[in-house]
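> Protein sequences appear in the order of chains A and B.
With full-length UniProt numbering, the residue at position 307 of the first sequence is 307, and numbering never jumps.
With full-length UniProt numbering, the residue at position 110 of the second sequence is 110, and numbering never jumps.
Hint data in this document are derived by calculation from the structure and do not stem from the laboratory.
Where is the CB? At the ideal position from N, CA and C, for every residue including glycine.
Some clues are possibly wrong.
[Claimed, not checked] Listed next, with one range per pair, are the computed distances between beta-carbon atoms:
id, chain 1, residue 1, chain 2, residue 2, range
1, B, ILE190, A, ALA267, 53 to 61 Å
2, A, ALA292, B, HIS186, 55 to 63 Å
3, B, ALA140, A, ALA235, 54 to 62 Å
4, A, THR179, B, ALA166, 37 to 45 Å
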Amino acid sequence: MSATATRTAYRDALVARMATDPAAVCLDTDTGLFSGVDFGDAAARYLNLGIAEHTLMGVAAGMAASGWRPYVNTMAAFAGARALEAVKIDIAYNALPVRVMATHAGVSAGHLGPTHHALEDLAVMRALPNMTVVVPADADSTVALLAQVAELPGPAYVRLGRKPTPSLPDGAPPPVLGTIQRLRAGEEVVLVAAGPLPVLAALGAAEALAAEDGLDAGVLHAHTLKPFDAETLVAATGRARLVVTVEEHWPAGGLGSAVAEELAERAPRPLLRIAMPDRFVDVVGGQEHIVAENGITPAGVAARVRARLTATDLS
Amino acid sequence: MTALVGAESLQEAALRIRRHIVDMCAGPEGGHLGGSLSSADILTVLYFSVMNIDPGAPADPGRDVFLLSKGHGAIGLYATLAERGYFPVEELATYARPGSRLMGHPVRAVPGVEMPTGSLGHGLALGLGFALSARLAGRASRSFVLMGDGELQEGSCWEAAIAAAAQGADNLVAVIDRNGLQLTGHTEQIAPLEPLADRWRAFNWAVREVDGHDHEALREALASAPWEPGRPSALVARTVKGQGLAMVAGKPNSHYATLTERMHARLVRALQAGDR
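Next up, chain A with everything else stripped away, as it sits in the complex (with noise of 0.2 Å):
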């Protein structure tokens, strides 16, 4: 498996994608991922704005009312929570072609801390309406959605990671945007995942399951948050003893509570929603190190599943 970080993958096809679509402008917010010279004739469609998360979502939104389509650049802990009235009510609210590109969403900030980890993006992104929201999992993921994001009418937020993480195993369909990608097939646990190392998870999770506990255990990747793809969700979870969910975000408003509010709708499950802890990250460490710490590995998910589902039979 190969390892690239999700944003890497996203810059070098936004800097593709300006050589092609004359439309496309890349507004920055000196975040260092881009240079002018890296859009060779496009040049004058990157600006660099300057520290002014605010500033850059209502300049997109002029430029998108004016025809342009406008790929942003911050950081997920500032675009989902310093900027985040300007993407309300100048993007959101004008359904505007916008593309929030958000990096080091969750922790993957690391040691840099909880103001740079963004724990809370997704729970607020979902809430505005008009809203696409999308988490690849990986570099390849992250190609694929992205072209298809290019294509909507609407704005989206795009929450990439900034370290390298490994490539999701080969054999996968491409991820289609709006769509569940059913990653393992298995019905009577149902893990379902968002973003690179929670998806890895699951599936290492999934694969002890079946392995250790002979139990038939699928993996879901739920790579679109909003709109939500409730249709397979509910398909794919019919036989299931148990559905659990696994993300990098906060327990409010995420990958859980997506899952939580579809099935409780539609057909409600038993549901364990694993996610990190509801609060701040204060001890130095990586995003794998982090994300470990707080059970979000193969052995941390399956440990989580076995003791609910004894927790269950026992009751």
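Please build the complex by placing chain B on the supplied structure of chain A, with the hints as guidance.
Below, chain B alone, put in the same frame as chain A:
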């Protein structure tokens, strides 16, 4: 596309706009009276004498763009748009009534409104977006952003001011309705803004100051922007909150008014008598 209107009829248009503002404040919800009256002359001059616009083609890519960053001045904008021909003047009577598209802050459903505004501190960045769009597309369009002075207490205004100067967006014009009052009192007592013109200069904008009720001075300044190549323009328009009505002029409590039938009649008589 621009309608060039003479001095006398600019006065008449401004008076009709003020009359509509007063009428809307007598509706079921009242309205932002003082700040709408303070910016009425600025809007009149922009829409009737300065901007390159065509009410019959409000989305023409070559148009000049106007953004009411002080979105609470919506009734003034609606009155101006109606008088300029974007929608029938009769529709103003629906303001704030159920089912109307004329909300308390501007919305895109209203012909001529470019963007919804009203949460303060958004307009300048939006205007910069339109200005940069025009420049990238090689169009001569200008963006005019009307800002409240109290609004400048929002940090996002200055964030956008820095970015606009850095981008050399000289097709962006900020007009500051400097009436000196905000909801609860004087700006200089609540969160001082002076020296206001110097602040804009320090942000590397070209700056002029003008009597915001002097149509000819407004027209000259706005029509001639950009004043310096490579710099955005800020026009500090010194205005009086409630201008046009001696009974409310300069009073903080003119900020929002729900006029009784009797008060409405008094203000209409005062407007007609030219009691300023």
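> Look at each hint and say if it fits the structure.
Hints and how they fare:
1. A C-beta distance of roughly 55 Å is found between B/ILE190 and A/ALA267, which places it inside the suggested range of 53 to 61 Å.
2. For A/ALA292 and B/HIS186, the hinted distance range of 55 to 63 Å is satisfied, since their beta carbons lie about 58 Å from each other.
3. Under the hint 54 to 62 Å, the C-beta atoms of B/ALA140 and A/ALA235, about 56 Å apart, fit the expected range.
4. Between A/THR179 and B/ALA166 the C-beta distance comes to about 42 Å, which sits within the given range of 37 to 45 Å.
The structure agrees with every numbered hint stated previously.
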